[in-house]
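Chains as they are written, first to last, in the working numbering: chain A, 12 to 383; chain B, 12 to 383.
The reader is advised that the hints may include incorrect statements.
You can't tell identical chains apart in this list, so a pair holds if it fits in one copy or across any two.
Calculated lysine to aspartate or glutamate pairs in the DMTMM-like style (CA-CA distance at most 25 Å, straight line) [as the list claims (entries may be wrong)]:
(1) Lys131 x Glu180
(2) Lys370 x Glu172
(3) Lys21 x Glu271
(4) Lys138 x Glu17
(5) Lys96 x Asp311
(6) Lys381 x Glu361
(7) Lys50 x Glu310
(8) Lys325 x Asp56
(9) Lys209 x Asp225
(10) Lys325 x Asp59
(11) Lys188 x Asp141
(12) Lys96 x Asp56
(13) Lys87 x Glu240
(14) Lys138 x Glu310
(15) Lys381 x Asp225
These aren't lab readings, by the way, just hints derived from the structure by calculation.
Nothing here was measured: the structure is a model prediction, and the numbers come from that model.
2 protein chains.
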Amino acid sequence: MEFTLEATSKNARACTIKTAHSTIKTPVFMPVGTLGSVKALDMEDVLDLLGAEIILANTYHMYLRPGDETVAKMGKLHGFTTYPKSFLTDSGGFQAFSLSDISKASENGIEFRSHIDGSKHFFTPKKVIDIQHNLGSDIMMILDDLVALPATGERIALSIERTTAWAKESIEYFRKKQKEGIGAEQNIFAIIQGGTDKAFRTKSATELCALDFDGFAIGGLSVGELNNEMYDTVEHTVKYMPKDKPRYLMGVGTPEDLIENIERGIDMFDCVMPTRNARNGTLFTSFGRLNIKGATYKEDAQPVDSECECLTCKRYSRAYLNHLFRSREIAYFRLATIHNLHYYLNLMREAREAILEDKYAEFKAEFYRKRG
Amino acid sequence: MEFTLEATSKNARACTIKTAHSTIKTPVFMPVGTLGSVKALDMEDVLDLLGAEIILANTYHMYLRPGDETVAKMGKLHGFTTYPKSFLTDSGGFQAFSLSDISKASENGIEFRSHIDGSKHFFTPKKVIDIQHNLGSDIMMILDDLVALPATGERIALSIERTTAWAKESIEYFRKKQKEGIGAEQNIFAIIQGGTDKAFRTKSATELCALDFDGFAIGGLSVGELNNEMYDTVEHTVKYMPKDKPRYLMGVGTPEDLIENIERGIDMFDCVMPTRNARNGTLFTSFGRLNIKGATYKEDAQPVDSECECLTCKRYSRAYLNHLFRSREIAYFRLATIHNLHYYLNLMREAREAILEDKYAEFKAEFYRKRG
Numbered sequence: 012m013e014f015t016l017e018a019t020s021k022n023a024r025a026c027t028i029k030t031a032h033s034t035i036k037t038p039v040f041m042p043v044g045t046l047g048s049v050k051a052l053d054m055e056d057v058l059d060l061l062g063a064e065i066i067l068a069n070t071y072h073m074y075l076r077p078g079d080e081t082v083a084k085m086g087k088l089h090g091f092t093t094y095p096k097s098f099l100t101d102s103g104g105f106q107a108f109s110l111s112d113i114s115k116a117s118e119n120g121i122e123f124r125s126h127i128d129g130s131k132h133f134f135t136p137k138k139v140i141d142i143q144h145n146l147g148s149d150i151m152m153i154l155d156d157l158v159a160l161p162a163t164g165e166r167i168a169l170s171i172e173r174t175t176a177w178a179k180e181s182i183e184y185f186r187k188k189q190k191e192g193i194g195a196e197q198n199i200f201a202i203i204q205g206g207t208d209k210a211f212r213t214k215s216a217t218e219l220c221a222l223d224f225d226g227f228a229i230g231g232l233s234v235g236e237l238n239n240e241m242y243d244t245v246e247h248t249v250k251y252m253p254k255d256k257p258r259y260l261m262g263v264g265t266p267e268d269l270i271e272n273i274e275r276g277i278d279m280f281d282c283v284m285p286t287r288n289a290r291n292g293t294l295f296t297s298f299g300r301l302n303i304k305g306a307t308y309k310e311d312a313q314p315v316d317s318e319c320e321c322l323t324c325k326r327y328s329r330a331y332l333n334h335l336f337r338s339r340e341i342a343y344f345r346l347a348t349i350h351n352l353h354y355y356l357n358l359m360r361e362a363r364e365a366i367l368e369d370k371y372a373e374f375k376a377e378f379y380r381k382r383g
Numbered sequence: 012m013e014f015t016l017e018a019t020s021k022n023a024r025a026c027t028i029k030t031a032h033s034t035i036k037t038p039v040f041m042p043v044g045t046l047g048s049v050k051a052l053d054m055e056d057v058l059d060l061l062g063a064e065i066i067l068a069n070t071y072h073m074y075l076r077p078g079d080e081t082v083a084k085m086g087k088l089h090g091f092t093t094y095p096k097s098f099l100t101d102s103g104g105f106q107a108f109s110l111s112d113i114s115k116a117s118e119n120g121i122e123f124r125s126h127i128d129g130s131k132h133f134f135t136p137k138k139v140i141d142i143q144h145n146l147g148s149d150i151m152m153i154l155d156d157l158v159a160l161p162a163t164g165e166r167i168a169l170s171i172e173r174t175t176a177w178a179k180e181s182i183e184y185f186r187k188k189q190k191e192g193i194g195a196e197q198n199i200f201a202i203i204q205g206g207t208d209k210a211f212r213t214k215s216a217t218e219l220c221a222l223d224f225d226g227f228a229i230g231g232l233s234v235g236e237l238n239n240e241m242y243d244t245v246e247h248t249v250k251y252m253p254k255d256k257p258r259y260l261m262g263v264g265t266p267e268d269l270i271e272n273i274e275r276g277i278d279m280f281d282c283v284m285p286t287r288n289a290r291n292g293t294l295f296t297s298f299g300r301l302n303i304k305g306a307t308y309k310e311d312a313q314p315v316d317s318e319c320e321c322l323t324c325k326r327y328s329r330a331y332l333n334h335l336f337r338s339r340e341i342a343y344f345r346l347a348t349i350h351n352l353h354y355y356l357n358l359m360r361e362a363r364e365a366i367l368e369d370k371y372a373e374f375k376a377e378f379y380r381k382r383g
């Protein structure tokens, strides 16, 4: 991975990340393709309509179905899904923790039951790297020890200790495998934990950033804390992260969250919000959110967002989308998803332009002004 | 509507139908867009990926939701849906008859309750023309009196009598409105009834074809009768239909049904089969049907049909589609629908080529040979 920090506007950064499969310009929002499909879209949509240079897939989901060995046989993620740009895969730890009825973290890893058939599985730091080798993702994530909040300080301390130990095991195994020619073109990121406690975040960031990872993520946020707690935690944690490597804030967030965290020095984001909300009827626009099922749109001939250049806004009226939503037509899901992801990706392109011109503060002010 | 009979190959016909919105080359299969959306596709798919020159919408459904007056305000079907080519709308009689809990046909029309909210409605021959004026379809269908089979000869005779009476009322009203400038660019087809009884079909066809309709449909087939009964009924009925007007077989059918009925002189078809079966996992190919959920496709790197030029076959493997289907990914529905409709529309293009070369019998033999 080649990383170039091109410009800053105060703490906001415009970078370029070059993987074996694409050149990613940051700030970047990565659409979520849990099962190797960005929900409701096909890969031509992702490429031609959205121009996404990187998407996510979930290790937990692909491991269970169709199975990472099947994916490997079918040409890894790139061959199987036909998406030729970059994939980032999470470690599966979060899903093992949150989707499984039983999930037990021990010193060696996380035991869980499949949410599909109840079968028992055990994820270890090495095991999730093996799986991600099979998936062939451009950026893989380490297994981290997650804690259900609220938790005692003792439990959080244990989580950080374990995450650091697993990170050491992960990076040693990953680099050793690379020397053997396995995953030579892949990259690996560590995940900083510590909740909203600054001392814990300092400790976790300091320990992990001393290791030879290709990039670093901030995990464990956007789990119910106040927005300001999230922003403060990011602002604090970023200080302990290297300037010459990518910074990824996992599972965040609203357009406002993106704007705020870019200002605090984050380069990469992912979230199910634009895709999931699209399916539920919530569309993001330059003037705020719009719930397309509202009766007020029944005979509204305007596009969702007159400033938007997406297929949906260029072609269809709110009235037609309102009708498709109310009639539960499948076509609605794709059109709404295209719009929301286009909005997110375009917002990132505009943020980048502003950083390159060192006008991020003005850009942010204008972003909020339009929302009134 | 301009109708040109270009070529025949025995009884099979290649025609051109020119409406105010498109030039339709027959034999033609019309994708079903019940609610103004071909399920799982958007109109760019229908235009650019399928090249469809005519699609269906259902009067019953559009009347109930969003309402034909809303559609009229939003620019009729063409403006509302953005599909710029031809629309055919049925009369709503079939849905009023089949989707409603209560449905009573009387001398004057059909009373029914909405399947959405239970509200009471009454369709008359004039009322469904008024609705179709609001929808702005290029081809509208008359209200016909449907009979649940099996029925007594007496009831079928009454159905034919009523359908003829309603047809007379319809064509008078439609032409009168045209003189007033309403529906001047629209066309209207009558629907021949009579089950699989040849005497009844003769009577219905003779009576209706004496009237000034723009085309004629054969209704009341593909309702559970044997294939040969359907084919025999079509073969018989076609003899009483004019050569210089389009012939439309409603609600039919499988690829085999299309091939057989083209041979018997049918020009136009519609059916939910390619779209509905796609969603259920059944894909149509040049070598027969394929159920994509089968475990045998889990690691099958081939396209669905190696002879197919659709987006789905050019880009994706059976393995990926199998995975999307099994994972219930929304993207599956669109990719499968694109394939099945592409197959149907392409089959019609090939049939047309064969007719133009007067080689329909050879084409049909080859069609069956490939299926083994």
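| task | Evaluate Lys50 and Glu310 at a C-alpha cut-off of 25 Å and name the case that applies: within, between, both or neither. | result | between (28 Å within a copy, 22 Å between copies)
| message | I want to check one pair: Lys138 and Glu17. Are their C-alpha atoms no more than 25 Å apart within a copy, between two copies, both, or neither? | response | Intra 36 Å, inter 67 Å, cutoff 25 Å: neither.
| field | Lys325 and Asp59: within-copy, between-copy, both or neither at 25 Å Cα | value | both (15 Å within a copy, 16 Å between copies)
| Intra- versus inter-copy proximity for Asp311 and Lys96 (alpha-carbon distance at most 25 Å) | Only across copies: Lys96 and Asp311 sit 23 Å apart there, 38 Å inside one copy, limit 25 Å.
| task | First find the shortest C-alpha distance between Lys381 and Glu361 inside one copy, then the shortest across copies, and answer within, between, both or neither for a cut-off of 25 Å. | result | within (14 Å within a copy, 54 Å between copies)
| query | Are the CA atoms of Lys188 and Asp141 at most 25 Å apart within a copy, between copies, both, or neither? | reply | Within one copy, since 10 Å is at most 25 Å while 73 Å is not.
| field | Intra/inter-copy verdict for Lys96 and Asp56 if alpha-carbon distance must be at most 25 Å | value | Both: 13 Å inside a chain and 24 Å across chains, each within 25 Å.
| message | At most 25 Å between CA atoms: does that hold for Lys370 and Glu172 within a copy, between copies, both, or neither? | response | Neither way: Lys370 and Glu172 sit 40 Å apart in one copy and 78 Å across, limit 25 Å.
| For the identical chains here, do Lys138 and Glu310 meet the 25 Å Cα criterion within one copy, between copies, both, or neither? | Answer is between; shortest inter-copy Cα gap is 23 Å, intra-copy 54 Å.
| message | Reference check for the pair Lys381 and Asp225, CA-CA at most 25 Å: within, between, both, or neither? | response | Neither way: Lys381 and Asp225 sit 37 Å apart in one copy and 54 Å across, limit 25 Å.
| said: At most 25 Å between CA atoms: does that hold for Lys325 and Asp56 within a copy, between copies, both, or neither? | reply: both (15 Å within a copy, 15 Å between copies)
| Same-copy or cross-copy closeness of Lys209 to Asp225 [CA-CA at most 25 Å] | This pair counts as within: shortest intra-copy Cα distance 24 Å, inter-copy 78 Å.
Violated hints, in rising order: 2, 4, 13, 15; the structure is consistent with all others.
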